[in-house]
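For what it's worth, the numbering used here labels the leading residue of the sequence shown as 1, then goes sequentially.
Take these hints with a grain of salt, some might be off.
Pairs of lysine-lysine, DSSO-like flavour, derived with a Cα cap of 30 Å [as the list claims (entries may be wrong)]:
1) Lys4 with Lys45
2) Lys76 with Lys96
3) Lys4 with Lys76
4) Lys45 with Lys96
5) Lys45 with Lys76
6) Lys76 with Lys25
7) Lys78 with Lys45
8) Lys25 with Lys96
9) Lys25 with Lys45
Read the hints as simulated data drawn from the structure, not as lab findings.
Because the structure is a prediction, the values reported are computed rather than measured.
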Amino acid sequence: MDNKTRTEIEAAVFRRLLAHLDSRKDAQNIDLMNLAGFCRNCLSKWYAAAAAEHGEAVDYEQARTLVYGMPYGEWKAKYQTDATPAQQARFEAGQKDH
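Can you make the complete structure from the sequences, with help from the hints?
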């Protein structure tokens, strides 16, 4: 497989991942972090970092809008729930590994 095709496939997979996360707003970021070690905010940070590596000016908030499909504050108000004590404890325990 040539690099152009590989890049196009990887881009399509990323777009599909974002669409899947958009369809699963019930999958809270804290659950994603606790189970997989990354969340929508991580994807946003990685997006902004990759853009910078390619000389593109995409800041974290712009990247979050791309990942969330809307401004983060709007998404948070509509879809984010409060973390339970158990979720928070698991998250904090997992942060020791990072």
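Hint-by-hint comparison with the structure:
{"no.": "1", "hint": "Lys4 with Lys45", "result": "24 Å, holds"}
{"no.": "2", "hint": "Lys76 with Lys96", "result": "26 Å, holds"}
{"no.": "3", "hint": "Lys4 with Lys76", "result": "36 Å, violated"}
{"no.": "4", "hint": "Lys45 with Lys96", "result": "20 Å, holds"}
{"no.": "5", "hint": "Lys45 with Lys76", "result": "17 Å, holds"}
{"no.": "6", "hint": "Lys76 with Lys25", "result": "10 Å, holds"}
{"no.": "7", "hint": "Lys78 with Lys45", "result": "22 Å, holds"}
{"no.": "8", "hint": "Lys25 with Lys96", "result": "27 Å, holds"}
{"no.": "9", "hint": "Lys25 with Lys45", "result": "19 Å, holds"}
In summary, the structure is inconsistent with hint 3 from the numbered list given earlier, while agreeing with all the others.
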